[in-house]
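For reference, the chains in residue letters:
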Amino acid sequence: MRDQWIKKLGLGVFVMGWIIGLLGTTAFGQQKEITVMTWGGVWGDSFRTNVIEPFMKKTGIKVNIVTQITNRDGLTKLMAQKDNPQIDVWTADDATHALAAERGILAPLSEATVPNLKFSNHKGTEFSAVWYTFIPGIYYRTDKVPFELKTWEDLWDGRLKGKLAAPEVVYTSARFMVIVSLISGGNEKNMDPCFAKLAALKPNIAMFYRTDAESIKFLESGEATVCAMGLLPNVYKLLEKDSPYRFVVPAKPQLIIYNNMALIKGRDSKLGSELINYMLSTEAQEGHCSTIGLIPVNKNAKIPEKLKNIVPAKWENLYTINLDVVNQDIGKWTERFNKEIKGL
Amino acid sequence: MGKNRSTPYLLNLPSLFLLGLFFIGLSWLLLISFKASSPSGALQTGWTLKQYFRFFGDQFYLKYLWPSFHVAAFSTLVTLLLGYPTAYILVRSTPLMRRFLTIALLIQFFSSYVMRIYSVMLVLGNNGIINRFFTWSSLTSGPIKLMYNEFGVAVGLTLGAMPFMVFTIASVLESMDTTLESAAKSLGANEFKTFLEVTLPLSLPGIAAGIVIVFLYNMSAYVTPALLGAGHFDMISNFIYEQALELMNFPFAGAGAFSMLVLTLILVFFLNQAFERMIKGVSFK
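So the protein lines, in turn, are chains H and B.
Under the numbering used here, the letters of the first sequence match residues 1 to 344, in that order.
Under the numbering used here, the letters of the second sequence match residues 1 to 285, in that order.
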């Protein structure tokens, strides 16, 4: 009797499961759905809250988020699925998008499908639209550093011996390398001065980081007191009044980093364009940028109040990096960096 | 009722499928290592040994191999020295102690690997327990560097690999015939001599398996050197990761990975040979 009851229950559960499964693939399967690949951490949290959730509410389009550890990690994933892409929209820095466009995995964008592009201060390229911009700078602990850091050259100060966390070459597509080259008389086409200058920095370097999370983790744990070049969003929430953390943008040279959006070739670009258009809207730009400290590109979006005290009002020493040179030579620089600076 | 001969093969289909996938991946890795690529990562036509010449021709890249073997072997030895007594206590202790040790090892085994490494950082860091004690007791004038070097990586590897060593040795000790130990004692051997001449030789299969498993586990470590080496001590997996996932140079990463695989297999082959000889020697006594 009991056995029969269990059999009936089992059959009932099986039939219910089958019906639910069927509904999932038919009726619910009709729901519009896209996948976006982006970063995790504070970046991903704010993106989900300020962009994805309102977008889903507004349009009814379901958005799945795939996390990439670094820009290059994202590119590798996309290259691996080139013949059968699973990602619709991908966010990465301008240099990595340039590399992806060269490899033919991005689909073109235009104002016809992304109308909000016409409000953008920085348009980007045919394949990669600028989402927002930000400035790299130095962040450090005022309670552990005996002086105020103002310039990039301050990183070489003897009082910072063994206190510095320095980025690996690939972090932000070698921006730190270019900065060091510029302050020592070179540029991305002439990196010899950069390596000579970095060799002199070795006594100050305690460790190297390759991700945003690592850059702040070392400071928080006290293993390092200065992050040689970091991004404002990583430290933005820690910059409250009386906070021991400080973010400084040295006057010369100043670089802007563009984080961009792109559509992946081989996917239905209509829904992806809709998401990109929303990412460029005033509402999404203000929400995301004010949460983690970014500069919006939509002309109508307000620059976060807190940012006005941190970023320079005028960009007098802005340097534009030749991304083709960076993408061409980053492998060589990494090898040389590992040999001469890390000294493995 | 005749037995269906195909049943074992059918049951093994899923594992054969997984093995097939593994070999396809491995073959792809091998093939790609004979290619050249552009800076954007595009594979070029034709075949070349360029990647292998570059890897073995440059002292710098060999520097990834030697420290990897060195730290993997060192931490395997430390894991054995710490793991054997733990396994012995685990098998021979009271049920309560046994339960406690098993739970402690299982918690470590099933906890997130990254969290485990972070816990090591809390102990070894500048503000970690050890350095605080050293500074407080005036043993050192300031914090000493316990991580971001080979030592830190070795500690992390040892901690991560400990359950593999303990459970492998414990399973052999468990199945050992304890009457042999009793016989040795009844013939006048003391505890130490019994352990040295009976228990230890009979547990050699467990030691051999533990060493091979832990050494392979250590050799392929990525997270531990990434977090506890922090760029100052990279292992071969960090090199492979950097070349493949950050520089898009899959052919060179493939050459590095395949070279490591072949060298490791050769080493493990000789290790197995040596252990087999030792185990046979014990059986013939």
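Treat each hint with caution, since some may be false.
Simulated pairs of lysine to aspartate or glutamate, EDC-like, Cα-Cα distance not exceeding 16 Å [to be verified]: (1) H:Lys342 x B:Glu150; (2) H:Lys82 x H:Asp268; (3) H:Lys332 x B:Glu150; (4) B:Lys63 x H:Asp268; (5) H:Lys62 x H:Glu274; (6) H:Lys32 x H:Glu340; (7) B:Lys63 x H:Glu102; (8) H:Lys339 x B:Glu174.
These stretches of chain B come out as covered by chain H in the derived footprint (C-beta under 8 Å, 3 or more residues) [unchecked claim]: (9) 172–182; (10) 194–207.
Sample of chain H residues with no beta-carbon within 10 Å of chain B, all distances over it, derived [what the hints assert, rightly or not]: (11) Arg72; (12) Pro85; (13) Ala107; (14) Val170; (15) Gly185; (16) Lys241; (17) Lys299; (18) Ile310.
To be clear, the hints were calculated from the coordinates, so they are not data collected in a lab.
Don't be surprised by glycine CBs; every beta carbon is placed ideally from N, CA and C.
Hints versus structure:
1. H:Lys342 x B:Glu150: holds (14 Å)
2. H:Lys82 x H:Asp268: holds (15 Å)
3. H:Lys332 x B:Glu150: violated (26 Å)
4. B:Lys63 x H:Asp268: This hinted pair is violated, its Cα atoms lying about 47 Å apart.
5. H:Lys62 x H:Glu274: Status holds; Cα separation ~12 Å.
6. H:Lys32 x H:Glu340: Answer violated: H:Lys32 to H:Glu340 is near 52 Å, above 16 Å.
7. B:Lys63 x H:Glu102: Given that 16 Å is the threshold and the Cα spacing comes to 34 Å, the pair is violated.
8. H:Lys339 x B:Glu174: violated (50 Å)
9. 172–182: Not satisfied, violated; 0 residues make the cut.
10. 194–207: violated (count 0)
11. Arg72: Violated, because the least Cβ-Cβ distance between H:Arg72 and chain B comes to about 5 Å, which does not exceed 10 Å.
12. Pro85: holds (16 Å)
13. Ala107: The assertion about H:Ala107 holds, with a minimum of 18 Å to chain B.
14. Val170: Answer for H:Val170: violated, closest chain B Cβ roughly 4 Å.
15. Gly185: holds (25 Å)
16. Lys241: holds (25 Å)
17. Lys299: Non-interface label stands for H:Lys299: nearest chain B Cβ at 34 Å, farther than 10 Å.
18. Ile310: Holds, since 28 Å exceeds 10 Å.
Violation of the numbered hints given earlier is confined to hints 3, 4, 6, 7, 8, 9, 10, 11, 14; the remaining hints are satisfied by the structure.
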